Each structure stands twice: as structure tokens, then as C-alpha cells.
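Participant: We have chain A; now place chain B onto it with these hints.
Residue numbers (the working numbering), protein chains in the order written: chain A, 1 to 440; chain B, 1 to 440.
These aren't lab readings, by the way, just hints derived from the structure by calculation.
Keep in mind the model is a prediction, meaning the values are calculated, not measured.
No false leads were slipped in.
The list treats identical chains as interchangeable, and a pair is accepted whether it falls inside one copy or across any two copies.
With a cut-off of at most 30 Å between alpha-carbon atoms, the simulated DSBU-like pairs for lysine-lysine come out as follows: (1) K2 / K435; (2) K95 / K73; (3) K259 / K435; (4) K63 / K235.
Protein chains: 2
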Amino acid sequence: MKALIIAAGKGTRLRMLAKDRPKPLVRLLGLSLIERVILTARESGINEFVIVIGYLGDKIKEKLGDGRDYKVKIEYVENEEWERGNGVSVLKAKKHFKENFVLLMADHIFDASILKRLKKIDLNENECILVVDKSPQEYIDLGDATKVKTKDGYIQDIGKKIKDYNCIDCGIFFLSPSIFKALEESIEHGDETLSGGIRVLARKGKMKSFDVNDNFWIDIDTVSSYKAAEKILCKRLLKKTDGPVSRYLNRPLSIRISKILVRFNIKPNLISLISFGISFLAFLLFCLGDYLYVATGGILSQISSIVDGCDGEVARLKFQGSKYGAWFDAVLDRYADALIILGMVYGWWSIHSEVCIWIVGFFAMMGSFMNSYTAIKYDEVLLKRRENVRVGRDLRLFLIMVGALLGQIYYTLFVLGVLTNFVSLRRIFLLKKYKEVLNE
Amino acid sequence: MKALIIAAGKGTRLRMLAKDRPKPLVRLLGLSLIERVILTARESGINEFVIVIGYLGDKIKEKLGDGRDYKVKIEYVENEEWERGNGVSVLKAKKHFKENFVLLMADHIFDASILKRLKKIDLNENECILVVDKSPQEYIDLGDATKVKTKDGYIQDIGKKIKDYNCIDCGIFFLSPSIFKALEESIEHGDETLSGGIRVLARKGKMKSFDVNDNFWIDIDTVSSYKAAEKILCKRLLKKTDGPVSRYLNRPLSIRISKILVRFNIKPNLISLISFGISFLAFLLFCLGDYLYVATGGILSQISSIVDGCDGEVARLKFQGSKYGAWFDAVLDRYADALIILGMVYGWWSIHSEVCIWIVGFFAMMGSFMNSYTAIKYDEVLLKRRENVRVGRDLRLFLIMVGALLGQIYYTLFVLGVLTNFVSLRRIFLLKKYKEVLNE
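So here's chain A without its partners, still in its complex pose (with noise of 0.2 Å):
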């Protein structure tokens, strides 16, 4: 399925942070806000856009190229007329579609899933589908939103002004190349905003609405809706496998550190690497054995592990999310534990050389595999069904800060011995008890 982006408006509301920027190229998080609407339908399995450019084209054009470096093929269409409405910037990509298509804003912001379910519809002939808003968020400029009555799940009205309306346009739609037909009779009329098309097919009862639940979307118009956009991605960027520390200490951090990450061409996998070398710092440093030097390495390890959430965060913000690199990194962080624990227990056993830390760090290191090994199965399936502190990584390498700044590693380990190695057994004994969702 094609998708056909409008790109050609002024946007002067976001003139502040345009600069000498079509609107579609403002940047948000990484990525230009079409490049995100790109990249979100290639998510939902999109592959082909033709997008429509007119004021400032040449950048855009000049940024997406053929689409190659997005792994999707790029077609333009230009509209020296993007002052007339939107309608108009529509109707100039007619001959781009003979099938049912999406069409989608440059400026529109939006979760993925809503078109998974979009394109799932079996559309029938001549009809075409507006995706609408029944509860707004109160971030939804509802002044300048456009307006929609529905009845039945067809559209009757549509516009900015209307004062009998139930929902509001979200700017996805699903058509029928019907549309094209709808504008051409919207414009001779002298509308020539797309709702003009909409109300037409609304008249002939071939406008469906589609409710948009809770998903998420929002249109950037304004500097308000921009920062309220870039609150709600780096939101949706929290897990709910994150633990305890995670959630309160870790995110918000890494978080920051991701957003200024995001600016720059740094692949996740690097950030992966970096936060490998910040636990390898740590590991050479506990080793030492000195309570300055063990502390330290106490703190690098919290480091490392607020650093080790933002390959993840980095990939999601800009679409470069991958199983490898998901894999990559969890193999990476099973090294970095086993060499913070030996570090520990090679430092602790330097100074004080009793035998029994190396029998404590064995346990420690077992517990800590496999509360990472048993963590797999148990975020499947248990942490979907009830609320639990979850035991974890964040919590973990908190626990060898807070051991390695009071000068108890044998303390430390033991602890961690014991805890990693209560919850993996009784995760065992929980999962049991659910196997039958296991077996699901």
C-alpha cells in the first residue's frame, strides 16, 4: 500500500522554530517531523510515498532524496499552488493513485499501530475512512482543530467552524481513489480544503470514521504542541519491564542524555559498547581494592547502567530499533556483570585475601545470571498479568553503588548473592504455577 504526505504548506505558527525550515524539515527528537511520519508508516508496513511539496520543496526533496537511506522509494509531486488549500495539494497527486491509498500529514506525529489496524480494513468501493478523536487529550488544540460529527460510524460533518461535532479529525486517512473525484466537485464549489472533499463523500454517505482510541497522535502546529509532542515521546520511551530504580533514578536520566544523544549520528549499538566500557572502567577500578578506587567504581557502575538504558532509547526515537541490537546489548551487559562481581571480589580479596569472598562472589555472579536468564520468560508472561517489584539489572548494579560507597563489598556481594538467587527460584515456582499461559 502507498502512502501520499502532505508536505506543501507555510506552517507559520511554527515559524519560531522552522527558521529557514519548511515546517515538515523542524526537527524533533533526532528526526524531522516527516521523516517521522515516514518512518512510523514504514513501521506500520508502508513502504511507497508519493509526497506532495511546495513551499521551501527543494529542502525537502534535497533531506528524503529517493528514500533510499529510509529503505522506502520516494516519489514527489510539486504544487507551485500550495497557497490554495490542502484540498488542492491532494487532487495534484491524483494520477499517483489508481488503489486505495493512505494520506497522511507532514506534520502529524502519530503511533504506528493506528495504521497497522487502519490498513487491515477491507475498504469498500468508493468509500474512504477519516481517523477521528472521540476524547481528545488536552494537549489537542481543540481552537484550531478541525471538527467532526459522526453518527453511526459515518461522518456527516466536517470542518473548522462546525458547532454540532462529536470528535475531531486526527489527519489520517484511508481513501479510495473516490477522493479525487470528491475534491475536483469540492473545489468547483469553492472549497478547496481537503474537508471540503470529506464533506462531499460525507454527503453520500461514503465517509466512514474510524476512532483512533488511545492511541497516540498530535498535530505539531504550534511551539505548545511541539513541546508537548516531544513529552509524550520520551514518555512512551519508559518500559514496563523497568524496575524500581530504573523508573525513578535511571529513565529520567538517561532519558536527558538521550535527548541531547539524538541530535548526533550515534548508532545504538555504539551507545551499547560505551556503556560496556564505562562497567569495564569499573571492573579495573574494584580491582584496585582501595576504598577510593572501589567507590568509584561503585558509581561508574550506577553510570553504566543509567548509560545502558539509552542505546534502547536512542533506537526507538529514531526508528534504528533491531533484535540484534536488543541482543547485543543484553550480551553485552551479562559480560559487564560478570566482570563488575570479579572485579569485586578480586579487589576485596587482594586487601583482605580470605578465600570465602570468592565463594560469595560465585553465588553472586550465578544469582545475577540467572535473574537476567529467568527475567526473559518472566517479563512474557508475568509482568503483563499483575503489578511486582521487579528484580533486575537497575537494581542491581544500584545495590553495588550503594555497597561500594559504604566500603561493603563482602556485604554487597552477599547480599546480592542471596537476593538474585531467591527471586530467579522463585520465579521458577511462579511461572509453574502459570505455565499454562507459558504454553499459550
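Facilitator: Below, chain B without anything else, positioned relative to chain A:
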């Protein structure tokens, strides 16, 4: 979808094995033939069964009950005229089938994937399908087999004695209720076999054929086919992910043990625990440090490695496999691995008092864990793609036995550490090359 199972006949040629039981209750690797048929069908998603019983039918009824023990629903149809042809048995079940259904023989063992593929077919009105084998294996008794002549996917003739044939009847059918009318017609003309009914449909151009391809099936009619089935079912226990030691040493032994274990009511998870128990014993013996203890510990490690194969084998042979079971086994294995290495280190240290063994042990433990941790993705992606010697638990525990017998704990741990960490790092790079596959 429902299945009809024909279990009315006497099966005189298998009398030697049947003794006082009806043939469907002859046991093969821990399950009676009819239990195998039911559980295979269940694996393909069929949960309702109608069984036609005749000769010693009460014994079958007593064994299977209402199917609750197998998590399926079973109804019975009694055919007192079981000495007549098998077409009569099928006809007796007529009132139970108003929709398409699967017809199976109580003495035909086969691969669930045949039914999975078969069930997906959209049957045309009044058409039926017979699964046929175009290149039967040498263990199929061609003399007694029902021969089939097919052309362009349709059956033209069928019978035990036809001369012109190109494949043979596998005894697996996908039928519409039209079969009952065909059987009535055939019986009226004096042919009481199921083949008679099929011939009637074939003449009307309503009988399709479906190639079994290379999937396993066998008609257990004689002692030699019984033995062939046993052999094949055991051979299918070998896994693609088996390493070299597993393939050539552990599996041949563990399958022999499993063949005994299946006769008893021992759950696979208990076998996992027994294997862990043996490893724990090995750990204790290693801790003692003296050569004789260590050597025995080494042998016990290898024995636990062999027994570790049995849980999965018994599970697969008795359709008791579960995701939880596989996971539980893997988690116990990781604990066993860690304890065995800890025991080796502690035992060696208690005699030599050189702390370097602890560091070597740490690396060996780290590598062993990573070897297992990286194996999941590695097996998923790469073992499908190319032949390779897989370094895994089988090889690790074998090395440990050899090292222990040679009294070389230190070097064993050293080699183990180098080998397992090398393999894990290699997998990181290998998988990076195949990351596109991983992301599929």
C-alpha cells in the same frame, strides 16, 4: 473440526504383541497406538473424537474414557458387525458428522504436520481427500498396502489388488459427509470396504489426493512395521541443535534410557530434577578435591548430561512437552553448570591453595553461561543456515569428565573458559552478519 477413528477390527497379524488386548491398545514407546493417534491429532488442533469400536471395544472405552485425561472429548460408536468391512464401521458413525471431518485409523502412526497441512485445505462441496504416499519408504509393506492411482490431483482407482497405481493409501482422510452416501452405494453393490466408498467418489470425480511428501507415516500391521515405527520415533528425537558429543554419545544412550522410562509414569520435569540431582552430587564430589572423588564427579557430570536428554525425549514421545518444561530444564542446567564449576574450583583450591584457580573458574563460569545465553539466538538463526559444530553443554560436560579423569582440573577450567568465551564472542560477530535474518 472433529475426527473419526476406526478401531473396530481385530488386527490378527499383530496378535503376538497384542496378546489379550485389541490392536489399538498395543503399546508403542509408552503409549498405546490409539493414544498416539489421538494425541497426534490433538497436536494438530483437533479436540473432538468419535471412535468406532468393535472387537474388545470395552477395553478401549475403559482405557480412553471420555477423553478428559487427554484434554479432548471422546464419543464412541459400537459396531457389533466389526467382522464386516471397514466401510461398515465408518458408516456406523454417520449421524455424528454433519460437517467435514478427518478420518483416521487407530493403527496408523503419523506426523502431526500432515494433519496441520490437511486441515487448512478448503474442501469443495461434496469432495473428499485421501492422503497418499508417492514414494513410500522401505518399511512400508507394499504387498499389503492399499494402492492408489491418481491423475492431476484426483484419484482414479483404489484397491489392494489394482495393478496400475502410482502411490499408496496412508489411511488419513479429510472427508465431507458425502462419504456416507458413497459407502451406502458401495455396500449395496457388495463392497464393504472403505476403499469401495472411495472408489464411488473417485468415479464421480469427487475424490482428491494429497501428497504426504516426506512426512512420516506408518501402518502398524505387523511386528516388523511395529519395530520400524519404534525405530523411527526414536530417530526423530535427535535434534538439529545437538552438538557432536550429544549426537554420537549422549543421544544413543539417553534414547535407550528414555525407552525404558516411557513405560513408567515419570513426568519429564522429574527427570530434569534427577539430572540436576546427579550434577549436585558431582558438585559435592568435586568439592572434596581428591583424585578419586574428582574423577567420580567427572563421570557423574557426564551421566547427568546424558540423563538431561531424557526429559525432552520422554516429553516428546508421550506428548507431554511444554514450554515451561523446556524452560525449567534450561534453568536447572544453568544452575547445575555453575555448581559443577564451583565444585571443581573449590576442590582444586582446597588442595593447592592457589587463588589463580578462582579467576580461571570465574572466566569458565562466565563463558559457560554466555555459551548458553547466546545459543538461543544462535540456534534460531544460524543452525538453520549452515552446518556447524555447535559448542554447547554436551561438549562442556564431556570436557569436564575427560579433564577430571586426567586429574587436570586447572587446565580443564582454563580450556573451558577460553573455548566458551571465544565461541560466545564469535557468535556476536556471526549474528551481526546475519542481523537482517534476525530482524525478519
